[in-house]
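K.L.:
Now for the letters of each chain:
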Amino acid sequence: MTALTSPLGRLRWTLTDGLTLVGRELGRLRHDPGELVAALIFPAVMVLLFGYVFGSAIQVPDGGDYREYLMPGLFAMVTFSALMGVMTRMAADASRGVMDRFRSMPMARLAVPFGQTGADLLTGLLMLAIMVGAGLLVGWQPHRGLIPTAQAFLLMVVLRYALSWVGVYVGLAVKNDQVADAMVPLFLPFTMLSNAFVPTDGMPGWLRFLADWNPVSALTAASRELFGNPGAPSGSVAWPLAHPVATVLLWSAALLLIFVPLSLRAYTRRGR
Amino acid sequence: MPDPIVVAEGLHKSFGDTHALRGLDLSVPRGTVCGVLGPNGAGKTTAVRILATLSDPDAGHARIAGYDVVREADQVRARIGLAGQYAAVDEKLTGRGNLRMFGRLCHLPRREAHRRADELLERFGLMEAADRQVSGYSGGMRRRLDLIASLILRPEVLFLDEPTTGLDPRSRGEIWDHVRELVADGTTVLLTTQYLDEADQLADDIAVVDHGQVIATGTPDELKATIGDRLDVVLDDPAALPAAMTVLNTLTGTDPTTTGADRLSVALPGGGFRLADIVRDLDHAGVAAADVSLRRPTLDEVFLRLTDRKETVR
Chain U
793 MTALTSPLGR LRWTLTDGLT LVGRELGRLR HDPGELVAAL IFPAVMVLLF
843 GYVFGSAIQV PDGGDYREYL MPGLFAMVTF SALMGVMTRM AADASRGVMD
893 RFRSMPMARL AVPFGQTGAD LLTGLLMLAI MVGAGLLVGW QPHRGLIPTA
943 QAFLLMVVLR YALSWVGVYV GLAVKNDQVA DAMVPLFLPF TMLSNAFVPT
993 DGMPGWLRFL ADWNPVSALT AASRELFGNP GAPSGSVAWP LAHPVATVLL
1043 WSAALLLIFV PLSLRAYTRR GR
Chain L
2 MPDPIVVAEG LHKSFGDTHA LRGLDLSVPR GTVCGVLGPN GAGKTTAVRI
52 LATLSDPDAG HARIAGYDVV READQVRARI GLAGQYAAVD EKLTGRGNLR
102 MFGRLCHLPR REAHRRADEL LERFGLMEAA DRQVSGYSGG MRRRLDLIAS
152 LILRPEVLFL DEPTTGLDPR SRGEIWDHVR ELVADGTTVL LTTQYLDEAD
202 QLADDIAVVD HGQVIATGTP DELKATIGDR LDVVLDDPAA LPAAMTVLNT
252 LTGTDPTTTG ADRLSVALPG GGFRLADIVR DLDHAGVAAA DVSLRRPTLD
302 EVFLRLTDRK ETVR
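Going down the list, the sequences are from chains U and L.
So the number in my numbering is just where the residue sits in the first sequence, counting from 1, plus 792.
So the number in my numbering is just where the residue sits in the second sequence, counting from 1, plus 1.
Only chain L is shown next, with the shape it has when bound in the complex (with noise of 0.2 Å):
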């Protein structure tokens, strides 16, 4: 495993009586893509907080690339950029405007600002309205700009908090292409997003964060893989719905649960599950289906087990 440039340890922070983060730990390997993901106040934003240098720890450390975030601010602060969930930029100057005053800020000499301006905004395809007012600019031109301008530096790592929050699904696409652009750069990214099949596009690593804590990590099929492969029936008659039920349970060792009036899903465990075992099965009882079909579990049906919260702790 390569060296990793994120690393976390411990984190502690609280607002008030608010514990955002209690212990988060965080290992990302350079020139990969972690998805952060959990539930709306489950500490995501706030973590990229603390390694984005906005924001400090009450415990626990991290280190950027080897320099620490509290103690060599600057040292992080000229190895990272940030895209948030905002379009931050100026919305009364043009995009280009806005480029050239972001590249003198990082301390690129005025010629050297205007030039990396307008090759980022060649390359983002934002050259045409470049010269436009930012508040003309549609929501998905905005969040473009916004990350063309975390872009500056050519940071070590891209800090992404939910960067496509609120986009039409062709503005998303667009963002992940140019996301997989970088990374194929050499770019290191952490990305949070309430949007699973945003992590299952783009990301190498997951953590599920829940409760000021990554309660879980792996690639996207090793946590599909922790919860199984989902037998989904339909059945001709919803008549038949108990006598199915009954042989599913008695195949798989859980009740499965109903997805609709003539429909059923349940978790297989392990392996070894032949579908052609499961229509016979089936048939035996005399259940007639319309449809029977073996699959990966979606990235949500993950989550929701993950985070289910019937025990929370306070």
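So that you can see chain U by itself, here it is in the shape it has in the complex (with noise of 0.2 Å):
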């Protein structure tokens, strides 16, 4: 047994309690498939709700279907559903004792923050998979080739994973897995007050400032334009908009840069 004292030892420990805790949650996704299905309950209401409600009154701006111009906001909403995911989990290991019992065992301290948000990678692209078929029942599709579809969900990846470590920092924080689940619900403006649903240009000024800088609206407006779905921003827009990939790379580098460190200390502080 490689103890884990030299930094080798421990990068190795770490990445193998991390992949044992990525089996964990596959092996809860195994018993419990229910959980995925409830985490894409919502999109799917969405879908029909906006592409066959709503939508029938909603124009898109240069004309189009609606549905084509839907499916893309909610890939970024289903993406951004990794922060409630992770803060959940971490909330509920965190008031249930099952991660003072980590804290005991001879394991890799950052193995768990590292386990929880590569599952949720996991898992995220299985549910992103589900809403691409759900998409394509409806009418949705790509229509640029491969390269621009494969770097937009590139680019939802990417952000989800940065979003992931939020919703660790997130979970740690309130340490309760009520008070966790009880929040869930607040997080849904944020994907609501963006371009997934409506174009920003008619909000009232200062809303349509927080909509345009919101990550949801570059990651759905760069998708838009990578997979050439009506929307995609065109004229004068707000700059991130008008520069959706740079947008949400630079969104999820920030985030990255603030919430893994926070969280890291977070995780290894021996408080209470």
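Check the hints yourself; a few may be wrong.
[As the list claims (entries may be wrong)] Derived Cβ-Cβ restraints for the label pairs, each shown as a range:
| # | chain 1 | residue 1 | chain 2 | residue 2 | range |
| --- | --- | --- | --- | --- | --- |
| 1 | U | Leu1049 | L | Gly126 | 47 to 55 Å |
| 2 | L | Gly24 | U | Pro825 | 52 to 60 Å |
| 3 | L | Arg181 | U | Thr1060 | 31 to 39 Å |
| 4 | U | Phe982 | L | Arg181 | 50 to 58 Å |
| 5 | U | Gly801 | L | Arg31 | 26 to 34 Å |
| 6 | L | Thr218 | U | Thr1060 | 33 to 41 Å |
| 7 | L | Arg31 | U | Leu1049 | 44 to 52 Å |
| 8 | U | Leu946 | L | Glu182 | 53 to 61 Å |
| 9 | L | Arg181 | U | Ala836 | 50 to 58 Å |
| 10 | L | Arg181 | U | Arg804 | 36 to 44 Å |
| 11 | L | Thr218 | U | Arg804 | 39 to 47 Å |
| 12 | L | Gly32 | U | Arg804 | 30 to 38 Å |
| 13 | U | Phe982 | L | Glu73 | 43 to 51 Å |
| 14 | U | Ala1038 | L | Asp59 | 46 to 54 Å |
[What the hints assert, rightly or not] Capping the alpha-carbon separation at 25 Å, the derived lysine to aspartate or glutamate pairs in DMTMM-like fashion look like this:
| # | chain 1 | residue 1 | chain 2 | residue 2 |
| --- | --- | --- | --- | --- |
| 15 | U | Lys967 | L | Glu163 |
| 16 | L | Lys93 | U | Asp892 |
| 17 | L | Lys93 | U | Asp969 |
| 18 | L | Lys93 | U | Asp973 |
By construction, these hints were calculated from the structure, which means they are not laboratory data.
In this text, all values refer to a predicted model and were calculated from it rather than measured experimentally.
From the three backbone atoms N, C-alpha and C, an ideal C-beta is built for every residue, glycine too.
Since each chain sits alone in its own frame, please combine them into the complex, following the hints.
P.N.:
Put into structure tokens, the structure is as follows:
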């Protein structure tokens, strides 16, 4: 057995233990696929509600099909759910003593946050795949070929990973699964206050400013552009929407730079 | 006295204005059960958290098997097990799945982790439920799984923080049996509990903690001896209560407490009291007693006496 003493041994065990924890999440999913379904109910309802009810009355800026316009926004919404998912998982482990057990075991300390975010990436891909299936079913499709399509999905994965670290930090700060569960709906406006469902042009100035700078908007705009879906920004729009790909990457880098160190410090600190 | 495996010296810990620990000392000999008793908020859990490397003391130090809990935390973690007030297992996984995961996280090779999981499930009677999700387990089964999960590495020291709180008597008995087995195998156990009969049943030594300090230590018998035997008297006629009070006061030098309309209880200082003499004295005073009995005090009485909060130091 390699001890946890050498830096190389630590790195190795961080990876091994992280993978064990990824395996834990997959095990949970296998025993309880309902969790994944529950996480997808909301976007699925959105597909129906916006795609067929509200969408029938919404005019897409440059013409085009509203459901084609809508799907990139829903992909972004599912991406954003990483924050809530990881937050509730971390808070549940912290409040039910599982995290104390991890901390009292001779395992690599950093494996817990890395394992949790890694596992979220896998479940996120699964959720995205299901959403793509739903999109194709209602008539959405990418129009610009393989490479731009792949780039769009890659952007979703990158932002998802960054957002999952925000979830780690908030979950560790909350430390109470009931509070965390109650906080989930508070994040809904973050996804709605964007260009995911309607263009930002018509919003009042201050609201439009928030919506334009929302990473959800940038991801939606970037996806529309890369998929060749209607509603891609054109003309005079705010900087983030004129450069959506760069904005998504900048947002991701900023979130990771802030929340990875904060989370690691919160996890390894031995307070109470 | 064998060398202590758990040593705490002068532990201090504050959370804001609350002083959870103010100079706690503890020493547990290898292979024994130490029961840590104290009222809620006395600092029991804080002490366990420091010993189990979950929390750092503000001052003082502690060693497990010679390793410092702060500076050599990894060495300590390889030698301890912690089972707490919660069933700290993953509800969505099966019992077997949980143990395999914790085994892997203890860095057992995959095959060894699987073998150890089966061995523990078998030994602790959970094999039948091994492939069911923990969310369907009863409270007692969860607590047992939680206990097992702390035993994967055969810990030298096992911390049990209120292991039977909220369990029915039968499940408590099962946990007690398991703890006795572990101790027979040489495990040292540090047990916090609010059930005094639990400490009486399991502990070789007891440390009574209050206001973040150990205020008394000893075997259950030694602690009981500190407050002396007790005399309980049940009267035929409640009207004789004042007379009986006088007799018992003369005899013992202290005021008896009334424990009912027709019954009295008094501590007997030192030894040398004979039941026959007491009955005779009562008889002389014209007090007819339905029952007179001498008994050892319960641990509850010792505990209440020791942690009497009349003089609250803050």
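K.L.:
Determine for every hint whether it applies to the structure shown.
P.N.:
Quick rundown of the hints versus the structure:
1. In this structure the supplied range 47 to 55 Å holds for Leu1049 of chain U paired with Gly126 of chain L, their Cβ-Cβ distance being about 51 Å.
2. Between Gly24 of chain L and Pro825 of chain U the beta carbons are some 53 Å apart, a value that agrees with the proposed interval 52 to 60 Å.
3. Evaluation of the 31 to 39 Å hint for Arg181 of chain L and Thr1060 of chain U yields a pass: the beta carbon distance comes to about 37 Å.
4. Taking the beta carbon of each, Phe982 of chain U and Arg181 of chain L are about 55 Å apart, inside 50 to 58 Å as hinted.
5. Taking the beta carbon of each, Gly801 of chain U and Arg31 of chain L are about 30 Å apart, inside 26 to 34 Å as hinted.
6. Under the hint 33 to 41 Å, the C-beta atoms of Thr218 of chain L and Thr1060 of chain U, about 35 Å apart, fit the expected range.
7. A hinted range of 44 to 52 Å holds for the C-beta pair Arg31 of chain L and Leu1049 of chain U, which are about 49 Å apart.
8. Taking 53 to 61 Å as the suggested C-beta distance range, the pair Leu946 of chain U and Glu182 of chain L conforms, at roughly 55 Å.
9. Roughly 54 Å separates the CB atoms of Arg181 of chain L and Ala836 of chain U, a value that falls within the hinted 50 to 58 Å.
10. Here the CB-CB span from Arg181 of chain L to Arg804 of chain U is close to 39 Å, well matched to the stated 36 to 44 Å.
11. A hinted range of 39 to 47 Å for the beta carbons of Thr218 of chain L and Arg804 of chain U is consistent with their spacing of about 44 Å.
12. With their beta carbons about 35 Å apart, Gly32 of chain L and Arg804 of chain U fall inside the hinted range of 30 to 38 Å.
13. For the pair Phe982 of chain U and Glu73 of chain L, the beta carbons lie near 45 Å from each other, so the given range of 43 to 51 Å is met.
14. Between Ala1038 of chain U and Asp59 of chain L the CB atoms are about 48 Å apart, so this pair conforms to the stated range of 46 to 54 Å.
15. The straight-line distance between the Cα atoms of Lys967 of chain U and Glu163 of chain L is roughly 21 Å, inside the 25 Å bound, and the hint therefore holds.
16. The suggested pairing of Lys93 of chain L with Asp892 of chain U holds, with an alpha-carbon distance near 18 Å, which does not exceed 25 Å.
17. Between Lys93 of chain L and Asp969 of chain U the alpha-carbon distance is near 15 Å, which keeps this suggested pair within the 25 Å criterion.
18. At most 25 Å may separate the alpha-carbon atoms for a hinted pair to count; Lys93 of chain L and Asp973 of chain U meet this at roughly 17 Å.
Of the numbered hints listed earlier, not one is contradicted by the structure.
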